[in-house]
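Q: Listed below are the residues making up each chain.
2 protein chains.
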Amino acid sequence: MWHDNRLCELFEIDHPIIQAPMAGATTPEMVASASNAGALGSHGCAMHSKDQFLADMAEIKKQTSRSVNVNFFVHKSPQNMSVDTVNEALKAWYNKFEIETIPEAVETNFPFDQDMCDAVCSISPKVASFHFGLPDATLINQLKAEGIKIVSSATSVKEARWLEENGADAIIAQGFEAGGHSGWFLPRNGADLTGTMALVPRVVDAVSVPVIAAGSIADGRGIAASLMLGASGVQIGTAFVTTLESCASAVHKNSLLDASGDDTMYSRAFSGRLARTIVNEYASSMENVNDLPDFPTMNTITAPIKNASLEQDKPDALALWSGQAAGLNRNTTTENLISTLVKETRDRLN
Amino acid sequence: MWHDNRLCELFEIDHPIIQAPMAGATTPEMVASASNAGALGSHGCAMHSKDQFLADMAEIKKQTSRSVNVNFFVHKSPQNMSVDTVNEALKAWYNKFEIETIPEAVETNFPFDQDMCDAVCSISPKVASFHFGLPDATLINQLKAEGIKIVSSATSVKEARWLEENGADAIIAQGFEAGGHSGWFLPRNGADLTGTMALVPRVVDAVSVPVIAAGSIADGRGIAASLMLGASGVQIGTAFVTTLESCASAVHKNSLLDASGDDTMYSRAFSGRLARTIVNEYASSMENVNDLPDFPTMNTITAPIKNASLEQDKPDALALWSGQAAGLNRNTTTENLISTLVKETRDRLN
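Those sequence lines, one after another, are chains S and R. Residue 39 in numbering that gives the first Met the number 0 sits at position 40 of the first sequence; the count goes up by one each step and never skips. Residue 316 in numbering that gives the first Met the number 0 sits at position 317 of the second sequence; the count goes up by one each step and never skips.
Read the hints as simulated data drawn from the structure, not as lab findings. A portion of the hints provided could be inaccurate.
In this list, chains with the same sequence are indistinguishable; a pair is considered to hold if it fits within one copy or across any two.
[To be verified] Simulated pairs of lysine-lysine, DSBU-like, Cα-Cα distance not exceeding 35 Å:
id: 1; residue 1: Lys157; residue 2: Lys95
id: 2; residue 1: Lys143; residue 2: Lys90
id: 3; residue 1: Lys313; residue 2: Lys157
id: 4; residue 1: Lys90; residue 2: Lys148
id: 5; residue 1: Lys342; residue 2: Lys49
id: 6; residue 1: Lys305; residue 2: Lys143
id: 7; residue 1: Lys125; residue 2: Lys95
id: 8; residue 1: Lys60; residue 2: Lys49
id: 9; residue 1: Lys60; residue 2: Lys95
id: 10; residue 1: Lys148; residue 2: Lys75
All values derive from a computational prediction rather than experimental measurement.
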């Protein structure tokens, strides 16, 4: 049924569907389940230590022998970690949750480095994907020498060309609608991020590697539409957050199942970088606070607020990552979701 | 080739393609040409006086006997017309263009009213479409009694339901990517506008009238994708701005032909309402000026700046309305564009 087999051949998978790597939602169970169902299971390892990463990969290997993808962030280490302005804005939140000790701003969630690259090569997954660009050429070459395929996200034609020139074997065209962190990494001169429908055909025209559509794809209609736009396959995130295998909090899952999809916003207030969440009190209250420390400093200093919100089972201050297709989310298993997506796409295309 | 014939039957057209009504770009020639090619030609009459409207309609009638659509704005007349803050911000622009007389803020571009409704009924076009909601029930009933089909734009599922309940015979699901004014008219509680890919399937699920996809559709790929998402047809705007029959300025046309599509932004600075333009100096300089008078007051007071920019053949201060598919624009005739779109869609679907 897949006219364009480029992605299936490149990744050795049955269906050109990538279960998106989402730090804080993907589990070894989800990844293995997605891969066993013929899609590309992907683990979000951006917040993993090397030991956690190796332990999770061992678990995944126990559960599947099919292709998997591991994902890392390649942001620059923070230069500006000044939190004076933001601590002023956070006061109300510390008071609200009766938090007495304001945490120090320390660097965490380190960018992908030589040490992690060695760990990845020791496992040799079929695919390694990156967010916010690509690691240095030395690391890319080391991964490629292992036969690992390289993937990253483009939010513009300019970024897609840059990724192809710097070694990407496939490029995700990530639309404005996508949940969680935008992969945006090159200047936009004040321009809005680009929607999936606008981005995909223009990226397809600009590069020769296979293009993966991402952003607001949650059912067979979205997959069939992506293929019509010229994509070789799709990456789907939000729809997997509500699966049985997801480790997202119950509050997060329930927020997604209740969401319309017209109720999300980009916010920098959780991590310091643009990420799409369901609108909540925290994101709204921080909308006009512009003097934020560099990514991912906000992660550390907002941790007690997020934890308190979670403990009280309230969505008010949680990062409720969500794409704009949230209204289509289902409460099911990873395996079921993938077989349903394949069936829906087949029905749509015929 | 059109599996879903609902729109073709409703509007009595051959292809479910609407050439979008764009005040300042559509001409009687474009409208007649689009309708003669089997699409729904649409005239943007939001800035027309009744006499201009009647003259244009007479011209269209001379050139085609096929279905046409006329479009009006149904905004509320401005309450806040205070321009103190904005005049301060505009000073630099008046100085730059050596404009000595700052124009008065007067109401222009009046919302659709009884008088215009009578004029429309006297012509009895096949379709009347509206932006920013719908006119009062009395006017809707008068139009419907003439057999005129009613169309309006939804930017959310909530708006789509509202439009269906208030008499729309078809609903445009207008994505965030669309050029010019967003049809947004119900509160969004801080949420971003929704992308086309995310909006269309959810609107299709929510209403029973035919849904028209709009926003970043410019070639057969976008049309085929829209049909996969469940739309019964498409509305295309930006792609028609560069046709021979368009009365958009040469500067505007050239900006579109040079644009990538990743270089647009929403701005309120031209009219007071959100509208997508190619990023330019004026829109960027006004980005943080929030205290704007109600729509359409800005139209009047920025007129000398726009005119000066136009006279100097510079895009700096012009409203360069553009959707995010601008990178796909072609320099051709309306007739040619439509036949190419139909051919491309057929090729894509087979």
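Q: Reference check for the pair Lys143 and Lys90, CA-CA at most 35 Å: within, between, both, or neither?
A: neither (47 Å within a copy, 57 Å between copies)
Q: Under a CA distance limit of 35 Å, which applies to Lys313 and Lys157: within one copy, between copies, both, or neither?
A: between (40 Å within a copy, 25 Å between copies)
Q: When no copy is specified for Lys157 and Lys95, does a C-alpha distance of 35 Å or less occur within a copy, between copies, both, or neither?
A: between (44 Å within a copy, 32 Å between copies)
Q: Tell me, please, which holds for Lys90 and Lys148 at an alpha-carbon limit of 35 Å: within, between, both or neither?
A: neither (45 Å within a copy, 55 Å between copies)
Q: Is it within a copy, between copies, both, or neither that the alpha carbon of Lys125 lies no farther than 35 Å from that of Lys95?
A: neither (46 Å within a copy, 58 Å between copies)
Q: For the identical chains here, do Lys305 and Lys143 meet the 35 Å Cα criterion within one copy, between copies, both, or neither?
A: Close neither inside one copy (38 Å) nor across copies (53 Å); limit 35 Å.
Q: How would you classify Lys60 and Lys49 at a CA-CA limit of 35 Å: within, between, both, or neither?
A: Within one copy, since 16 Å is at most 35 Å while 72 Å is not.
Q: Check Lys148 against Lys75 for me: Cα-Cα at most 35 Å, and say if that holds within a copy, between copies, both or neither.
A: within (23 Å within a copy, 55 Å between copies)
Q: How would you classify Lys60 and Lys95 at a CA-CA limit of 35 Å: within, between, both, or neither?
A: Neither, since 44 Å and 66 Å both go past 35 Å.
Q: At most 35 Å between alpha carbons: which applies to Lys342 and Lys49, within, between, both or neither?
A: neither (38 Å within a copy, 53 Å between copies)
Checked against the numbered hints given earlier, this structure breaks hints 2, 4, 5, 6, 7, 9; the rest are met.
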